[in-house]
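Heads up: the sequence lines are chains H and R, in that order. For the first sequence, our numbering assigns the number 1 to the initial residue and increments by one for each residue that follows. For the second sequence, our numbering assigns the number 1 to the initial residue and increments by one for each residue that follows.
Hints listed in this document are in silico derivations from the structure and should not be mistaken for laboratory results. Treat the hints with care, as some may be off.
[What the hints assert, rightly or not] Covered stretches of chain R (chain H as the covering partner; in silico rule of three or more C-beta atoms under 8 Å from a C-beta of chain H):
#1 268 to 279
#2 292 to 306
#3 377 to 386
Being a predicted model, the structure only gives us computed values, none of them experimental. Backbone N, C-alpha and C fix where the C-beta goes; we use that ideal spot for every residue, glycine too.
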Amino acid sequence: MSAVLDAYRAGAVTHAEASRVTGLSLDMVSAAVDHLVRLGLLERNVATFGCPSAGCGSCALACTASDQRRE
Amino acid sequence: MSAPQSTRPVRTLPIAPALPTVRAACHGPVGEGAGADAPIIALAGAPNVGKSTLFNALTGLRATTGNWPGTTVDVGRGAWRFKPDGKVCACTECSGDCAVNRTSEFTLIDLPGAYSLDPLSRDEELTRTLLVDAPVAERPDAVVVVADAAHLARSLYLVAQLRETTHRVVVALTMNDVARKADIEVDSYALAEALGCPVVVLDPRRRQGLDNLARVVREALARPTPAPRLTGTPALDDLSRDDERFAWVESAVSAGTTGSGAERVSTSDRIDRVATHPVAGPLLFLAVMWLVFQVTTTVAAPLQDWLDGFFSGPVSDAASAVLGAIGLGGTWVEGLIVDGLVAGVGMLLTFVPLMALMFVLLALLEDSGYMARAAVVTDRLMRTIGLPGKAFLPLVVGFGCNVPAIAATRILGDARQRVLVSLLVPFTSCTARLTVYVMLGTIFFERAAGTAVFVMYLASIFAVVGVGLVLRRTLWRTMGAEPLVIDLPPYQAPTARLTAAVSWTRLQGFLRTASGIIVVTVCAVWLLQAIPTKPGYGFGDVPVRDSAYGVAAQTIAPVFAPAGFAQWQTASALVVGFVAKEAVISSWAQTYAVEEPEEGAEDLGDFGDQVAAAFESSSGGHPLPAVWAFLWFLMAYTPCVATLAAQRREVGLKWAVFGVAIGLVVAWVGAVAIFQVGRLFW
Chain H
1 MSAVLDAYRA GAVTHAEASR VTGLSLDMVS AAVDHLVRLG LLERNVATFG CPSAGCGSCA
61 LACTASDQRR E
Chain R
1 MSAPQSTRPV RTLPIAPALP TVRAACHGPV GEGAGADAPI IALAGAPNVG KSTLFNALTG
61 LRATTGNWPG TTVDVGRGAW RFKPDGKVCA CTECSGDCAV NRTSEFTLID LPGAYSLDPL
121 SRDEELTRTL LVDAPVAERP DAVVVVADAA HLARSLYLVA QLRETTHRVV VALTMNDVAR
181 KADIEVDSYA LAEALGCPVV VLDPRRRQGL DNLARVVREA LARPTPAPRL TGTPALDDLS
241 RDDERFAWVE SAVSAGTTGS GAERVSTSDR IDRVATHPVA GPLLFLAVMW LVFQVTTTVA
301 APLQDWLDGF FSGPVSDAAS AVLGAIGLGG TWVEGLIVDG LVAGVGMLLT FVPLMALMFV
361 LLALLEDSGY MARAAVVTDR LMRTIGLPGK AFLPLVVGFG CNVPAIAATR ILGDARQRVL
421 VSLLVPFTSC TARLTVYVML GTIFFERAAG TAVFVMYLAS IFAVVGVGLV LRRTLWRTMG
481 AEPLVIDLPP YQAPTARLTA AVSWTRLQGF LRTASGIIVV TVCAVWLLQA IPTKPGYGFG
541 DVPVRDSAYG VAAQTIAPVF APAGFAQWQT ASALVVGFVA KEAVISSWAQ TYAVEEPEEG
601 AEDLGDFGDQ VAAAFESSSG GHPLPAVWAF LWFLMAYTPC VATLAAQRRE VGLKWAVFGV
661 AIGLVVAWVG AVAIFQVGRL FW
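So that you can see chain R by itself, here it is in the shape it has in the complex (with noise of 0.2 Å):
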């Protein structure tokens, strides 16, 4: 038999090899390819399988080499020289010394990376396109596809596309060492047998197994094109092409490699498979968030109390005296310094402790890669009432804050399940509203003030798949549901470095937006708390009560009877709420604060003490039913003005104004039923 390639004329790939001028610059040079008459050779593979480490290994030359997807970005080129050792020709009257047998050298070509060959890429296009698309006579004379023995499945679907052509195949099989590492052990010989060519060992960085790849090459040269593999009755369609090619390559898989796959355990999937269990993945969820709130709140409630008397103590005395020495005292200047500014950022600021204690703990169980298994869970809930997999991300993203959640809906990719969901975000209890829950679980709940900020967290839940189900089986009954994958990072320890970082760009970032709205609207408030609306009262001499604020407060709070908190104070403080949550705790204590006892009236001292009587007074001695009545509202109805513009941005106008209608109807109905059944056992 004559090699194939001694009568070839000089050829030249339709798409020429690397510029040596850009390779100069960038890399280095690159070198010619072998002579003229020496077969060509191609390097295929899928990214990050060591192709180029074994192109540098063969030819000596430098190319860029790294761990990166897609590192292989041109087509590189060189020479491959070798020591011919011995016969490999099947000629029977010749004695080896036909071109075959003499031949030392190769072209190398280091092809782009390339899962398979139905390109996605520029890169996988170019491959395909020497590879498949060139005559046959352009083609190279072999094809060396580099595998990756730790992840043969995923390097064997080139195999099985190139199996079905006339390509010369030999594979190359690396990362035997890790392979071996996670118990894989391949039987090269039996994969050989399986994919029908030839499999060769090696270690392109011990430079092992080199000689007997070249080897192997000029015995598959010598040999005639194989018969493209035999792929049944013709498919159908792409996908049942692509089954018979897996199918082909599981086989081969099954018979080339022992321990693969399904014996390998690692202590993550034996921890996920408790994590992500679907009723006990739920419950290990809820257990961890209890205890994320009740170590937030116990250990943290002596802080702010510390700060709470700080600031209405030391911190207040102090601004008045300045103020006084100043010739302030007495003014509205005061009122508005100290009963605004100073109790309404001080506040804010006596949950500081908190924040941060909470955040920190999320960070860790984020860090640990915990968190992404919640979103498995997460994941779930959504197709139970039928959203889209990927509702998760929003809706996930909500629960810190609803503003980036609506806008993150733009990875959904249907309109309608847009808009369903920027329905939905603002029943996720953002951080803002935590402070509230805080507050009231403190003051009425005591030492199980985390498990009811717990309680309102499963409501929030709640919410998200009630109103979810309800407006899935009214308004969106043909939404349909794509399937999704989750990547999931493999366990870790925490690292305190990463998760201080973060805790402190969130806790930043929580203090900057809340500071900034706390200013505004305390102003906004003492601005329509100084406005009288009776005769006989100047400018920021009026009792609240018969102010602009109070009036506009006492008109809205009958609406909030049925639920057991129609104090006016309490219906004031949902009012700013609608504009943001973050100032709902510092307007309701600068109402406190700037309010005088009624004449008669007992001096109800600190703020505590003032919304537990306005609780008791208002809900006719069912003081806890009416606060968690108020919990749900506040949970319930529109989180703030910034997400309403989202919703507007994202969906429009009509969408954003049904959500704001949506949220005050399940807020008061839930309230008032909260209420009413609560207050016959309480």
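For reference, chain H alone in the conformation it holds in the complex (with noise of 0.2 Å):
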């Protein structure tokens, strides 16, 4: 779990590239990031290219409309 993490500290990006670094199986980070996401040692984003209406509820911006309405 530590070299998954350390692979994501050294630039990785995706489940493919800590694969790659660390010689684990996808399987294998997949559920190291899932421990290490649980644990906030790691953060986890759905990449989005922007949003139409701010209405799709899985981006940055979703969020944050939700909280102005909110507020």
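Given two chains presented individually in distinct reference frames, assemble the corresponding complex, making use of the accompanying hints.
Below, the structure written as structure tokens:
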């Protein structure tokens, strides 16, 4: 698990990259990432290139919009 | 040996099972457990591994099942009845008639889904309470951990933790068909040996392997409680302990499976080897974006020309005719409507085909999954300037519109990171600026207009990186960068419906924003152009150059002389652009539409010719470097008042003003450098 964390700290962004760097299987990397995310040591984001209406609910924009609505 | 449960007093779980009334109301009745003496078996496992399906198959009850994580939100309980099939105890003195052999039912507890025994949610906390925190006598007699054979590593962390206790653990392996499709073969015997507990392959949907599971659980109950697995030297910290567990899981997966993980290379993975490659990835991204701009400008240009002629010809003529017919011809009303609103809004509408086409192409790239890879490329760029990976989100959003991008900086946890990224967002080239790029590209570069637009987007990225590097090495030297994982969706064929919906929504948003801004600024510009600054002229009857608008622009224009675009009409467009970039072209067009040619001067014809002549004149015969300098200035200075307001809201007035200053300095210095160097060659 530390190896996976180190891989991301060293610049890996995707599971495939981390798998290449650590030599672990994708499934193993995926499990380790899940755990690291749960521990708060890694942050997972859905890649997005924009949001047409801040309504898709899956990106930062949508979160921000809902925050603003709550405010 | 006597069965451990045979002498056990009647017990209740420390946390009450599901409330029958609630279940009765929502999902139908849930039956009671088995008899009081029946062993209690807990069904545990991560969400989405088929746990509830197995519970239903074993108990015949109706629990909520589905494909969404966290389906099991409370504790279900039911009787698991089966036919005892022979002696399972290891007693030498009995002939198979001891309690454990006679058992024909268990009370099955369906625990909430949990990835591990370290709870992060109330559901997981409940699972931990029942399995770990409860007194030993109150715990279940055995735990069946449901594990997904296709994602074994993800399921076995819980097994690793349970094996550190004295629980009797049985692993029920589901999703075996999915695993086989992914070329994963599980050797249940080898896996059982590696885990130190029985493994049962089953398919709850087809009710296969259920009898075997009952037999294995009975055998487990007949054995003494197992010794906890050895974890080596006591771990120094949580991370070391987790490392040990994952090493154990990896060892078990390696021993019990063949063909998992590394060998599975999907088509998406193959494409990603290029699309996310550190060198090939950015090159591919640049090539794709160049193609987008080239196709956009080439295909949309004829339509744009036609619309331009339509609004400046028939529509303007019709408006003038109507106003003339009602007695308003030649009045300030005609000036406002024909030279202002029709010219300004008409100019905006000529960009509709271009924007629509670009939105469609970008939507296709997004829907196909490629844009997620572009985000990976962008993320690497962020890292090179020492920004946190998450900074890519607001910056990428900024290429659509800077205002929500500034708001999106809230996702950054560190206040200093938010300030830095808020200062960088205005350098991302929003779609409003695109209209100016395209217009000048079409006037000065004709067929290479797409390439010119592409260069401006490169310049925008260059500005973000350059300013980011300078700020990181001066004001924010100690900022940390958190690691980030980006979820990449698999590639897919874009769907027409989604592409159309996304494109239409974006086009509507652009038109709504732009038209509102343009109507307001057209009226404001018209008002300023109608106010005379010299005696002898009346309101609405003054040459533009002698109006408040013209005089103000002529005052500012000399500032741009070193950059080669000191024509007051050009400078005035930049001043209006401070309010909103959508209004640059409309006010520019409005200025030329209202302005009469100077006495004796040649009538330069349409707007494009007038702009070309202005750059030729102001640059001393070096129009191309002046155009590039102008484009750089337009890209780099304050995008709009709304962005400024967003910056003030998010990071405060001081930083917002600082951002304006940075933008103006970078814009002016860059523009001067581009013109002064460029005129040596062009």
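Against the structure, the hints:
1. 268 to 279: holds (count 4)
2. 292 to 306: Per the Cβ count (0), the hint is violated.
3. 377 to 386: Holds: 3 residues of the stretch 377 to 386 of chain R have a Cβ under 8 Å from chain H.
The structure fails to meet hint 2 from the earlier list, while all remaining hints are met.
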